[in-house]
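Colleague: Using the hints provided, position chain A relative to the given structure of chain G.
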Amino acid sequence: MGNPVYPAAVHSRALDYTGSILPRMIPNESELTADVSILPGKKYGFFTDTSLCIGCKACEVACKEWNILPAEPVELTGMSYDNTKALSATTWRHVRFIEKIEDEQGGRPNILRPFQSQWLMMSDVCKHCARAGCLEACPTGALFRTEFGTVVVQQDICNGCAYCVPSCPFGVIEISVHDGKAHKCTLCYDRLKGSLEPACAKTCPTDSIQFGELRELQERARKRVKALHELGVKEAYLYGASGGLGATGGIEELRAFFLLLDRPEIYNLPAAPTLPSGRMGKSLKTGAATLMGIALAAIFVLVRKS
Amino acid sequence: MAKENIVELEYSRKEIDRNRPSEISIDLEAIENTERSSSLYRGENYYHLPAVKPSYYEWKIGVAFFSVGVGGISQILAAIIDFAGREEDRPLIRVGRYLALSGSLITSALYIIDLHTPDRWYNMMRIFRKTSWMSIGSWCLASFGALSGMTVLAQLVEDAGRKRLGKWMGRLFQLPAAAAGGMLCLYSGAELEATSLPVWERSHPLLPALFAAENASSAASAILLVTRNSKLPDGMRNRLESFSFLSGAVEEILYRMVSHRWVKHPGGGFNSGRKIATPVSAFQRMGTIASLFARILRMIRGRSSPESSILSPLLTLGSGLLLPVRVLLSGNESARYPEEYLSDTQPFALSERYIGARGTENNRNRIAKREHPMSPFVGLGLSLAGAAVIVFYSKKRGRDQHRPEKYRV
Chain G
1 MGNPVYPAAV HSRALDYTGS ILPRMIPNES ELTADVSILP GKKYGFFTDT
51 SLCIGCKACE VACKEWNILP AEPVELTGMS YDNTKALSAT TWRHVRFIEK
101 IEDEQGGRPN ILRPFQSQWL MMSDVCKHCA RAGCLEACPT GALFRTEFGT
151 VVVQQDICNG CAYCVPSCPF GVIEISVHDG KAHKCTLCYD RLKGSLEPAC
201 AKTCPTDSIQ FGELRELQER ARKRVKALHE LGVKEAYLYG ASGGLGATGG
251 IEELRAFFLL LDRPEIYNLP AAPTLPSGRM GKSLKTGAAT LMGIALAAIF
301 VLVRKS
Chain A
1 MAKENIVELE YSRKEIDRNR PSEISIDLEA IENTERSSSL YRGENYYHLP
51 AVKPSYYEWK IGVAFFSVGV GGISQILAAI IDFAGREEDR PLIRVGRYLA
101 LSGSLITSAL YIIDLHTPDR WYNMMRIFRK TSWMSIGSWC LASFGALSGM
151 TVLAQLVEDA GRKRLGKWMG RLFQLPAAAA GGMLCLYSGA ELEATSLPVW
201 ERSHPLLPAL FAAENASSAA SAILLVTRNS KLPDGMRNRL ESFSFLSGAV
251 EEILYRMVSH RWVKHPGGGF NSGRKIATPV SAFQRMGTIA SLFARILRMI
301 RGRSSPESSI LSPLLTLGSG LLLPVRVLLS GNESARYPEE YLSDTQPFAL
351 SERYIGARGT ENNRNRIAKR EHPMSPFVGL GLSLAGAAVI VFYSKKRGRD
401 QHRPEKYRV
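Chains as they are written, first to last, in the numbering used here: chain G, 1 to 306; chain A, 1 to 409.
So that you can see chain G by itself, here it is in the shape it has in the complex (with noise of 0.2 Å):
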């Protein structure tokens, strides 16, 4: 053990082994833990396979830690083991619980059926869309495209417009009630930035989420449908591969995509959304057209010949 390097103010009972044990950081740690090497230029996501989900929720809690983001007020709320109910400025993950304790028929089932029998479980994040709602509503260009394709807010240009929040196809942004900005998962731009994977990635136990470069994982996904299909999962898909469920009005393809196992709105995913700005066009013309049609009117009514 090298010598442990302890933070400033820490509790008496949390000092034993707070230090890293490491002299430095490992350069391009992201390829010992994800295999994987972060440059700028490539597009990088996630892939969160909710047939792996254990629903430790260490993503949830390793997002916070890294992110410095305060812990919401404990509120059990019975929706099974969900007590933080959705993504928000302060929770950019969120694992959703699904019990499906009736059968088809209503009735309690008798028989357990393969892949986390009758528990769905899911770690929801912000999509990073390629086309993404938030990103082009932003009148301050506080959100942009990073050079890993990921969307992220700049906090020092943001001001609280609110217009990405109710532009987000997912209801993913928010504004947060602490600074008066909008908060949202960054895809850990400052671990990317120094090649390390994403905090929720690194930390989860199974390898439900999986970090890498886009078109590797869509592959890997691709593969494990396959294999999950031959295994008797039938139910299994992709949501927000291109031109598949979730990917669709424009969006092209989310680059935090998800194997579900069952249909979308159940995990509260909307099965087809669109970006909004593409019904720019029709509005202005049918408002122009309306606008014109007033403006005769007023010529008509107003004007008198003299």
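It should be emphasised that the hints constitute simulated quantities derived from the structure, not laboratory data. Since this is a predicted model, take the numbers as computed values, not measurements. We put the CB at the ideal spot given by N, CA and C, even for glycine. Hints are supplied without guarantee of correctness; some may be wrong.
Stated by the list, open to error - Derived BS3-like pairs (lysine-lysine); straight-line CA-CA distance at most 27 Å:
id: 1; chain 1: G; residue 1: K193; chain 2: G; residue 2: K226
id: 2; chain 1: G; residue 1: K223; chain 2: G; residue 2: K202
id: 3; chain 1: G; residue 1: K285; chain 2: A; residue 2: K130
id: 4; chain 1: G; residue 1: K100; chain 2: G; residue 2: K57
id: 5; chain 1: A; residue 1: K60; chain 2: A; residue 2: K130
id: 6; chain 1: G; residue 1: K223; chain 2: G; residue 2: K57
id: 7; chain 1: G; residue 1: K85; chain 2: G; residue 2: K64
id: 8; chain 1: A; residue 1: K163; chain 2: G; residue 2: K282
id: 9; chain 1: G; residue 1: K100; chain 2: G; residue 2: K85
id: 10; chain 1: A; residue 1: K231; chain 2: A; residue 2: K163
id: 11; chain 1: A; residue 1: K130; chain 2: G; residue 2: K42
id: 12; chain 1: G; residue 1: K43; chain 2: A; residue 2: K60
As the list claims (entries may be wrong) - Pairwise CB distance ranges (calculated):
id: 13; chain 1: A; residue 1: P118; chain 2: G; residue 2: E31; range: 39 to 47 Å
id: 14; chain 1: A; residue 1: A282; chain 2: G; residue 2: K226; range: 54 to 62 Å
id: 15; chain 1: A; residue 1: R86; chain 2: G; residue 2: G293; range: 17 to 25 Å
Modeller: Only chain A this time, still in chain G's reference frame:
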């Protein structure tokens, strides 16, 4: 899944996939047309937790939409009279320009106050993003404020004595200001439509038209209200009221069309008129109809007292103010119901149109039959009839009642 709430949900009528069929690269393997992921949506949701987040826009933004719209239309009316009106009608240009400037100032102030970090309001001018209605609107508002200021300056120059200079300076800035004003009337509705909230999304593409019509009737009423104690040119008062009711009739038509789209499931779930928005919506509808009746009553009586001459415009303004507020409140409330959003975002792309033979009975979209209640058409008929009566009656009469002149316009 709870059985009591299974209703036949109507699919959204809009086209989900904007690409042409030949350009779509649908990954058929990825979709894996399974029973679960492609069968009819029966209202499943996740513990009734919202699937989208409501906006933070409430009364401040509603009032701001109203005031900038009134200002924009005032500038358009001023432009019409400036370029095509008679010499006697020119005092109205002054009213229009002042209304436009005050509208833009009030709206700017309200927008800045409503920001969650107001001291960074100038960041709106950092970039111009053509995919964002808010960006387009911010730039339009800034230029409209500047141009309206210049038209007011020109008006002051004209009033101070330099008539020719003032008139031509005013004309120089009037058209661009009117153009910016027109854009401002439309962008507020378009901005709401380009979001993911169910009620606003369903109103596409009618919301800008609705707001524009409401702004037109409110602007004419505002001019009438402001000039209630002044002597307007002969017949102008009647003409303005006619225009106000004509726009009001258009607004009524559009409002019926829009609100008809909001309620998709009459049986249960979200009803846009029921919950929080109800008192607001009641006053808003009352104001429009009451204004019409007040005017007709006055016309029948043949008398004009100072009180009755402001009642009708005041009611129109009141209902015009409440319309954007009501639309905002309804939209925010609709975000709380996941069934609404999730049923709006069902995939048409999985239908036969795109996949071809893969479409099965499960995939085919079934549109529930919707009853057409009679009440909207009654209200519509009343408005149209009233507007027509006023338009033709006032054209016939043409003359205004004389009242003691208190202020010069």
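Colleague: If a hint holds in the structure, say so; if it doesn't, say that too.
Modeller: Right, here's what the structure says about each hint:
1. G/K193 to G/K226: violated (34 Å)
2. G/K223 to G/K202: Holds, because 22 Å separates the two Cα atoms, which is no more than 27 Å.
3. G/K285 to A/K130: Between G/K285 and A/K130 the Cα gap is close to 16 Å, so the pair holds against 27 Å.
4. G/K100 to G/K57: holds (20 Å)
5. A/K60 to A/K130: Judged against 27 Å, a Cα distance of about 25 Å means the pair holds.
6. G/K223 to G/K57: Given pair G/K223, G/K57 holds - Cα atoms ~26 Å apart, limit 27 Å.
7. G/K85 to G/K64: Given pair G/K85, G/K64 holds - Cα atoms ~15 Å apart, limit 27 Å.
8. A/K163 to G/K282: This hinted pair is violated, its Cα atoms lying about 43 Å apart.
9. G/K100 to G/K85: Judged against 27 Å, a Cα distance of about 18 Å means the pair holds.
10. A/K231 to A/K163: holds (21 Å)
11. A/K130 to G/K42: holds (26 Å)
12. G/K43 to A/K60: violated (41 Å)
13. A/P118 to G/E31: 39 to 47 Å: 45 Å Cβ-Cβ, so the 39 to 47 Å window holds.
14. A/A282 to G/K226: 54 to 62 Å: holds (58 Å)
15. A/R86 to G/G293: 17 to 25 Å: Because 23 Å falls inside the window, the suggested range holds.
Checked against the numbered hints listed earlier, the structure breaks hints 1, 8 and 12; every other hint is satisfied.
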